[in-house]
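*Asks:* Sequences listed follow chains A and B, in order.
To get this note's numbering, take the position in the first sequence, counting from 1, and add 186.
To get this note's numbering, take the position in the second sequence, counting from 1, and add 186.
Misleading hints may appear alongside valid ones.
Identical copies carry no separate label here, and so any pair may be met within one copy or between two of them.
[As the list claims (entries may be wrong)] Here are the simulated lysine-lysine pairs, DSS-like style, with alpha carbons at most 30 Å apart: (1) K414 - K473; (2) K240 - K278; (3) K414 - K252; (4) K473 - K252; (5) K473 - K336; (6) K245 - K336; (7) K397 - K295; (8) K245 - K402; (9) K295 - K414; (10) K397 - K336.
Calculated directly from the structure, the hints in this document are not laboratory data.
2 protein chains.
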Amino acid sequence: MAIRTRVTDMLGIEKPIIQAAMGWIARSQLSSAVSNAGGMGIIETSSGELDAVKDEIVKMRQLTDKPFGVNVAQAFIRDPGIIQFVIDQGVKFVTTSAGDPMKYTATLKGAGLTVFHVVPNLAGALRAVEAGVDGLIVEGGEGGGFKNPKDVASMVLVPLVCERVNIPVVAAGGIMDGRTMAAAFALGAEGVLMGTRILSSTESPVHPNWKAAIIKAEATDTVFLNRKGPGPALRALRTERTTRLETEGSPNIFGEFARTQEVYFGGDLEAGIALTGQVAGRITEEKPVRQIFDETLSEFQQVLMRMQSFT
Amino acid sequence: MAIRTRVTDMLGIEKPIIQAAMGWIARSQLSSAVSNAGGMGIIETSSGELDAVKDEIVKMRQLTDKPFGVNVAQAFIRDPGIIQFVIDQGVKFVTTSAGDPMKYTATLKGAGLTVFHVVPNLAGALRAVEAGVDGLIVEGGEGGGFKNPKDVASMVLVPLVCERVNIPVVAAGGIMDGRTMAAAFALGAEGVLMGTRILSSTESPVHPNWKAAIIKAEATDTVFLNRKGPGPALRALRTERTTRLETEGSPNIFGEFARTQEVYFGGDLEAGIALTGQVAGRITEEKPVRQIFDETLSEFQQVLMRMQSFT
């Protein structure tokens, strides 16, 4: 079974599923599994570890012959040389985020790359269209990660953007299976982005403690932190530490990421902040990426049939 | 065109659209317009004005011969006599909310009424099923009104509940048109509830200032207040006053509703709190209820066709 949209056509992928560019996690082991399963694997830069990231981009060529992309998290990148590096490596797809889309779009498109910009609201979407991006990743507030403090849920944001722009939209935030992919398409999207679902996959390099916490979590077990700044807001797994941060705030949110290696790969979830979306409350088992994608497409078809049955 | 689900069958309505039981607003003028347009009009009790509410229930009989319901907002009702009054009036459908579904379900069902309970999370849904309700109204955090402080977005909550219960689910929060109704159905719902969209309809009794503010609002122009209590959390229109409450908090959230008449019907949006959902950011004009519903069903069909075109 195949689903063909402007997103699959533009990106040359089989399945309209893009992997979130999760800092430290979206490296070649996981991203190649996504690309090999027919989705779009993305290498992250939000960790700011550009030397490691460059190695990972090179490694991707050995691990997959399918398309993959790189995320340029503008606020987290101090070396603009990454742009030229991505171009030189022959990467064909870039997502830009956490910054003004005017900054790199022309350069990237001039080099022949396809550029999707990540936006948290309509104003950002219209700005990105003006910048000439090829597509948008529209990110609802229910998703994990760094967020706009004025969060808007996917159910509102995705249709709002889709009815105002003509370029293809990828829905992010709350997406993890065929039901949610079908909902995103109903709202006007032509692709979906999955973060927490892929983070908790078999191929994900994160510590089993985090995967277990996601499997155990209720939908109410995330917190939205730092809404008043300074620095970005974010959605994360509820732990003792993040519950305290939710109540007391944090004078320096970035300081909370100093021991991220211990959280993500050492399994000490109280050593920092584990960025996680609300879909943690729906994830009940670890699965290989390919199985996640196959089940998603199969369920998408079933959902269409069920919806037809009401009319 | 017709859409038939367990919700339309159970409630005897033409269109699977239920009107939110908005305090002070969901009275006979508006609710009869909803019922006459083929949806399910609901008379509110969350205002606590039980004498007025009783008159409104009686008036509904004169204004429509279609089915209508009453909401029993348990936390706001001091006189349990309302239950018997609703039964005596021959009302066939009740939604219960803001309280334990064990309290009134047996009495209401024993009298032959159909009972749907409003829930903000999975635990509440499972409790309501245990209480024997006929259906659920599953309310995502993007919706306006009084909310659970641990809010979960519709994109996550609706499928979470739908895959765990066998009774029909009505999705609330973010719903205002055919795209969002189709998304709700994709997630597993068999009906939708609209609040802000109906609040801003032609037949709505609220002051034009509020309708104008909704039409002007961006999707980021709501605030989520009182997450830490005491009293309920809520989502409301962003104004100078509510922006201040968002930052400073409120020692007595109910005190903010002392001048609700002036806010809702006098048009002074700074005199209190105007409960409003994020869909305010998508509403661009005032429309009659019948037009809203007809366009919703027509767009629902178009969405199904568009989704099919991708496969």
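*Asks:* Confirm or reject each hint.
*Replies:* Going down the list of hints, with the structure as the test:
1. Neither within a single protomer nor between protomers do K414 and K473 lie at most 30 Å apart by alpha-carbon distance, with minima of 37 Å and 36 Å respectively.
2. In this assembly of identical chains, K240 and K278 lie within 30 Å of each other by CA distance solely inside one copy; the values are 15 Å within and 66 Å between copies.
3. When the C-alpha separation of K414 and K252 is checked against a cutoff of 30 Å, the pair qualifies neither within a copy, at 41 Å, nor between copies, at 48 Å.
4. Taking CA atoms no more than 30 Å apart as the test, K473 paired with K252 passes inside one copy only; the shortest distance there is 21 Å, against 49 Å between copies.
5. When the C-alpha separation of K473 and K336 is checked against a cutoff of 30 Å, the pair qualifies only between copies, where the shortest distance is 28 Å, while the shortest distance within a copy is 33 Å.
6. Proximity of K245 to K336 under the C-alpha cut-off of 30 Å is found in neither arrangement, the shortest distances being 37 Å within a copy and 42 Å between copies.
7. When the C-alpha separation of K397 and K295 is checked against a cutoff of 30 Å, the pair qualifies neither within a copy, at 37 Å, nor between copies, at 43 Å.
8. When the C-alpha separation of K245 and K402 is checked against a cutoff of 30 Å, the pair qualifies neither within a copy, at 33 Å, nor between copies, at 50 Å.
9. In this assembly of identical chains, the alpha carbons of K295 and K414 never lie at most 30 Å apart, being 35 Å within a copy and 47 Å across copies at closest.
10. In this homomeric assembly, K397 and K336 come within 30 Å of each other (Cα to Cα) both inside a single copy, at 28 Å, and across copies, at 22 Å.
In this structure, the earlier hints numbered 1, 3, 6, 7, 8, 9 are contradicted, and the remaining ones agree with it.
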